[in-house]
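Start from the sequences and build out the full structure, keeping to the hints where you can.
Protein chains: 6
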Amino acid sequence: MRPSGRKTDQMRKVSFERNVSKHAEGSCLVKFGDTHVLVTASLEDKTPPWLRNSGKGWVTAEYGMLPRATGDRMKREAAAGKQGGRTQEIQRLIGRSLRAIVDLEALGERQITIDCDVIQADGGTRTASITGAWVALHDCLKWMEARSMIKTEKVLKDHVAAISCGIFAAQSVIDLDYLEDSAAETDANFVMTGSGGIVEIQGTAEGKPFTEEEFASLMLLARNGIAELVEMQKQAIA
Amino acid sequence: MRPSGRKTDQMRKVSFERNVSKHAEGSCLVKFGDTHVLVTASLEDKTPPWLRNSGKGWVTAEYGMLPRATGDRMKREAAAGKQGGRTQEIQRLIGRSLRAIVDLEALGERQITIDCDVIQADGGTRTASITGAWVALHDCLKWMEARSMIKTEKVLKDHVAAISCGIFAAQSVIDLDYLEDSAAETDANFVMTGSGGIVEIQGTAEGKPFTEEEFASLMLLARNGIAELVEMQKQAIA
Amino acid sequence: MRPSGRKTDQMRKVSFERNVSKHAEGSCLVKFGDTHVLVTASLEDKTPPWLRNSGKGWVTAEYGMLPRATGDRMKREAAAGKQGGRTQEIQRLIGRSLRAIVDLEALGERQITIDCDVIQADGGTRTASITGAWVALHDCLKWMEARSMIKTEKVLKDHVAAISCGIFAAQSVIDLDYLEDSAAETDANFVMTGSGGIVEIQGTAEGKPFTEEEFASLMLLARNGIAELVEMQKQAIA
Amino acid sequence: MRPSGRKTDQMRKVSFERNVSKHAEGSCLVKFGDTHVLVTASLEDKTPPWLRNSGKGWVTAEYGMLPRATGDRMKREAAAGKQGGRTQEIQRLIGRSLRAIVDLEALGERQITIDCDVIQADGGTRTASITGAWVALHDCLKWMEARSMIKTEKVLKDHVAAISCGIFAAQSVIDLDYLEDSAAETDANFVMTGSGGIVEIQGTAEGKPFTEEEFASLMLLARNGIAELVEMQKQAIA
Amino acid sequence: MRPSGRKTDQMRKVSFERNVSKHAEGSCLVKFGDTHVLVTASLEDKTPPWLRNSGKGWVTAEYGMLPRATGDRMKREAAAGKQGGRTQEIQRLIGRSLRAIVDLEALGERQITIDCDVIQADGGTRTASITGAWVALHDCLKWMEARSMIKTEKVLKDHVAAISCGIFAAQSVIDLDYLEDSAAETDANFVMTGSGGIVEIQGTAEGKPFTEEEFASLMLLARNGIAELVEMQKQAIA
Amino acid sequence: MRPSGRKTDQMRKVSFERNVSKHAEGSCLVKFGDTHVLVTASLEDKTPPWLRNSGKGWVTAEYGMLPRATGDRMKREAAAGKQGGRTQEIQRLIGRSLRAIVDLEALGERQITIDCDVIQADGGTRTASITGAWVALHDCLKWMEARSMIKTEKVLKDHVAAISCGIFAAQSVIDLDYLEDSAAETDANFVMTGSGGIVEIQGTAEGKPFTEEEFASLMLLARNGIAELVEMQKQAIA
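Keeping their order, the protein sequence lines are chains A, B, C, D, E and F.
So for the first sequence, UniProt numbering puts the first residue at 1; every next one is plus one.
So for the second sequence, UniProt numbering puts the first residue at 1; every next one is plus one.
So for the third sequence, UniProt numbering puts the first residue at 1; every next one is plus one.
So for the fourth sequence, UniProt numbering puts the first residue at 1; every next one is plus one.
So for the fifth sequence, UniProt numbering puts the first residue at 1; every next one is plus one.
So for the sixth sequence, UniProt numbering puts the first residue at 1; every next one is plus one.
It should be emphasised that the hints constitute simulated quantities derived from the structure, not laboratory data.
There's no promise every hint is true.
[Unchecked claim] Reference listing, derived: stretches of chain D covered by chain F, where coverage requires no fewer than 3 residues with Cβ under 8 Å from a Cβ of chain F:
no.: 1; stretch: 16-25
no.: 2; stretch: 54-67
no.: 3; stretch: 197-209
[Claimed, not checked] Using 25 Å as the maximum straight-line C-alpha spacing, the simulated PhoX-like pairs for lysine-lysine come out as follows:
no.: 4; chain 1: C; residue 1: K82; chain 2: D; residue 2: K82
no.: 5; chain 1: D; residue 1: K75; chain 2: E; residue 2: K82
no.: 6; chain 1: B; residue 1: K46; chain 2: B; residue 2: K142
no.: 7; chain 1: A; residue 1: K31; chain 2: A; residue 2: K142
no.: 8; chain 1: C; residue 1: K75; chain 2: A; residue 2: K82
no.: 9; chain 1: F; residue 1: K234; chain 2: F; residue 2: K22
no.: 10; chain 1: F; residue 1: K75; chain 2: E; residue 2: K234
no.: 11; chain 1: E; residue 1: K157; chain 2: E; residue 2: K234
no.: 12; chain 1: A; residue 1: K157; chain 2: D; residue 2: K208
no.: 13; chain 1: E; residue 1: K234; chain 2: E; residue 2: K151
no.: 14; chain 1: D; residue 1: K7; chain 2: D; residue 2: K208
no.: 15; chain 1: E; residue 1: K22; chain 2: A; residue 2: K75
no.: 16; chain 1: D; residue 1: K234; chain 2: A; residue 2: K208
no.: 17; chain 1: A; residue 1: K75; chain 2: B; residue 2: K75
no.: 18; chain 1: F; residue 1: K46; chain 2: D; residue 2: K82
no.: 19; chain 1: F; residue 1: K154; chain 2: F; residue 2: K234
no.: 20; chain 1: E; residue 1: K22; chain 2: C; residue 2: K7
Beta carbons: idealized from backbone N, C-alpha and C, even for Gly.
Here is the structure:
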């Protein structure tokens, strides 16, 4: 039995609240149960140095957690003077995931920065970030389209969404919350597109190593879950 | 005429949403118009080194802005590797303001850390932070009282709230929004208690120096505004 | 009774020693009793990036204390790897105070950097810094005038000086030394121009909140003290 | 055809040189073709703070590249003042991989730090690091066994080795060198134990998303390659 | 001919002003011509971690330059966030030089920190620092002796002083000022004790390599100069 | 007797292995006994800002130690976030030593960066670095000559090599290993050219001051040793 009483293939309640920022070109408050992430997409009229005069743009991401997003207060990274290894790992993952479904040439020489700030954490902050980031990115592109800067359908090639799966109490389950995450034997994150392509897989044995069969069962759960998430993204932007 | 159409002595719509964090002992989403600050109060069973074995506790504050809380995206302080001078100035002010109405001996050897994170900025983030922080602090103390750790009325000696006033288009106005703040000739922040005592005054001439008469008119506006804010705090915790 | 035996409205002995630096365009060793600050004004032929091609110049300030300027040795900020919050607060205040009396357009696209380094501290380092900085700035402008770069009277619109006042042992007193500062119930810093305009007010309740009447008595002390300081600045540059 | 002329399932020449450090308790110079990593295992008589008095030990890893290990000289991280995101990601992966096959209780309250320093890079530095680290760790444990501190077979539960696979020129290939890595459409790293359990999977679409079938073909290549690597580890320590 | 008109073996005017700090246990404003260094000696009742319970004390030094001590304003190291390589080199040299003439066991488990802050620079700041530091250290030890903490003659085994020599315009000269230092072909710093022992020699060819004969001529100049400096130290503390 | 059984004027076995890096324009693994330093010379088509449009090039050096190059594991400088004072001192010394024998105008507007990374340390890492760096630099220049960029004999004016000497157990000895270095009373490093010119001398009394006679005996040892090292450099590049 899962602590939350969910079925093994049951995700938490997912919601997307759009236009939550007065300033950002695109924004989305995404919730996976008690995990809440505020995502903004900021358009900047510059690109990283290595793309100058290439005709191509860039999409990048930054990730942060409010100090008391978690059960115990964590040290504020700005006060500590650097971003930790986990933060860097996650923001690199978010950036790669979004670039996988963006045509950077069609974007033109501009940069979109996605900020994912975890307001409240209960497991799965990186998968919620990616899933919500797609919505914020979409809205940013629509904002640009409204100003005749781009055609959204040329830039945004597909949906992208992410979910965690893991082996908890010897069972494969989807969308682990914090209680499950802390106790899981295996923890895997999947990032897939709307058309079913895989963008990123990260599987980690927390306790003992896992088998190919176990991994296959996690991938199956993820495939179905991500299909659901993509459906919800479609409704959110409808 | 003020850009927002407000009267000179009219504050923006102020609201306090309590218990917005699943984890924090006290929390409050405070809004002064389009300025939104998420405040959490975190209880920690330790004190700063210089208070060890003193029998006294400590209240401290940290302040941050999400990178796209503002019109243009600002560099994330965690990525920049340090907190800017403005950030440090504000978080020191918030800490001092709260300590002015807390009996640190009655609190006992514990620390409460107030995190003020600006979700969206439209002027007056420090005054909204202080005013909302009082509510989060109150709720943290009530949480402690429920566990027989303290008596709230012994620790919390008074209300504290803050408001900005300034001279905009040659008129003294209260609660400046971003448009006014950018153009104000004089900008002053007042922190006062529920019983009318002054905790902190910061007045700055942005363009030309101001007179004592002008300053007196700002203080009068502030006194009335803060009295209103304290009234709203009382309703919020009722 | 004040520890120094001074009357409530009596400042410490103030002196300005000009041209103390072989290299700087303007310099001044300012003493408020045992508080000694070495101020240099450095002319640089560049402006901050945001002023480029604006035709306007800039005046900025940096502040530091020698490690043993104080009773106990403090950690050297260069060794610690960053400037503390107090340092940043003070240097921002000094910069704002000087810009209030400088015509940045008349200065032209140049930057003057004021370095205030506390050689010995006994309370009131920020007010001594501002008051002495005016002298160093004046001499730097005269240096420029001698090279036909500017007209001093066009750039330097007024005097500016600063003094601290506070409530010590239930009495309003001027120019607090360290002993008084540590024990004061209320501490306020005032920055005013030669013509009596107010540039900056910072009042802080250290213990219990203060009243408007108390604050008015501090402002009155400050007004008289600053008038005296301006008089001394005039004699110093005569 | 692969640039190196290798067959799709052919790894580069792999070698382990043991005892290359006069000082370290265990050490290994591991080569995967032109990728050379110097690994040392250092025993320290302390544990991280969170394990104190737990009776458990810790294995951790640090990773670095010499500035000219690569085709173009990279900035030295010590001079830059911080470790980049990629470095942190890799060293966290190495540490997790080793802890998966170590019994931390049998190790006792000690820490073994694995340093992986890339002397020369030609793709696959993280997989060479993990594979060589097992040898260095083994030798460190033997060193401890010789001093009656532990029983190696109780602490070291299994082998662990790693290999990268990817889709290059539309074919699944094993052990990508730099030329292949730069041009690969999909890049995956696998970490497995001697008994075939999976410890870590990281798959990333560099260009277009990949399919489950493609991923399965990469996993098959990896399974065989890692079995070979484990065999080579056995010979190396024989 | 030297730019200053000095003879080849003529040092600049040297002076020591003692007790220039109200707070420090020992202090000295040392001047070598236009090079002015403020030295303080601070007694702290602690030792570095590696000396705890050893019965031995420590003498260490820190060095800094005010930003406008030089002809062009240099960036403040505290603002830059780190001490440069030159600063670290010099402060390590000062510390070693002083420890060479101190009996650390006779000092007992205490630390004396010597701060050398360059108020104005005109070449030779490190040699002035060492020479003045001896005076400040002496006075700090006398302060301790007056409180029956130590016997000065047991702790302070000898004098130590330093001078720079160099080859300027093909001639060996002593005590280079900035003009000479910038143009010197060879630059050497000598640190010697009152009894003529050598503590530190640093010789550097700036342009072309130098010969043993040239070096011997520099050493001869230094020996005489340091003897003079030691004589002046004796008069200063008389 | 020396711990290693060497005679007082006997250096350790010295060897140079060239072309150890697949990528670098010049490289050398230099060994002085158990001290092993990997040196690479990297050509970059840029110069430091202060040489732009001067027609002159630059040679600079960076130095590092692998964390377990030493008997006890040292903290990785990249993880610590800064290079220590000793590291900066050594890399500045290496750079100066090489520039002493390079004609920077003949090099043209290019920079060669020498990286000296200590793989294993047993005393004398800075002298091994300088001596090996000359070989790597030579090979880098030959690489450039082969591409008609320069004439090696115009750029490389002479050999340069370095050796440490010290007073150990009351005897002057050459090329101290770690055991001797830790116990030496005096430690001196000499950098000289092939034609016998002195580039750098650094002598430090570790315990009691040394005499001119002692220093002369160290210099004599160094002169002979460096002549041998230069001979070995010639053979290495033959």
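Distance restraint between A:K31 and A:K142, which requires alpha-carbon spacing of 25 Å or less: Holds, at roughly 22 Å.
Is it true that the CA of F:K46 sits at most 25 Å from the CA of D:K82? Distance of about 24 Å is within 25 Å: holds.
Hey, E:K234 versus E:K151, does the alpha-carbon distance stay inside 25 Å? 18 Å, holds
When you check the alpha-carbon spacing of C:K82 and D:K82, does it fall within 25 Å? 16 Å, holds
For the stretch 197-209 of chain D, do at least 3 residues have a Cβ located nearer than 8 Å to some Cβ of chain F? Our answer is that it is violated, as 0 residues pass the Cβ test (under 8 Å) against chain F, missing three.
With the threshold set at 25 Å, check whether the alpha-carbon distance from A:K157 to D:K208 stays at or below it. The given pair, whose Cα atoms are some 11 Å apart, holds under the 25 Å limit.
Compare the distance between the alpha carbons of A:K75 and B:K75 with 25 Å, and conclude whether the hinted pair is satisfied. 19 Å, holds
Confirm or reject the coverage of the stretch 54-67 of chain D by chain F under the rule of 3 or more residues with a beta carbon closer than 8 Å to the chain's beta carbons. Satisfied; 4 residues make the cut.
Can you confirm whether the C-alpha distance between E:K22 and C:K7 stays at or below 25 Å? Roughly 23 Å between the alpha carbons, so the hint for E:K22 and C:K7 holds.
Checking C-beta pairs, does the stretch 16-25 of chain D have three or more residues closer than 8 Å to chain F? holds (count 4)
Are E:K22 and A:K75 close enough, with their CA atoms no more than 25 Å apart? 39 Å, violated
Would the pair D:K234 and A:K208 pass a check requiring their Cα atoms to be no farther apart than 25 Å? This hinted pair holds, its Cα atoms lying about 22 Å apart.
Checked against the numbered hints above, the structure breaks hints 3, 10 and 15 and satisfies the rest.
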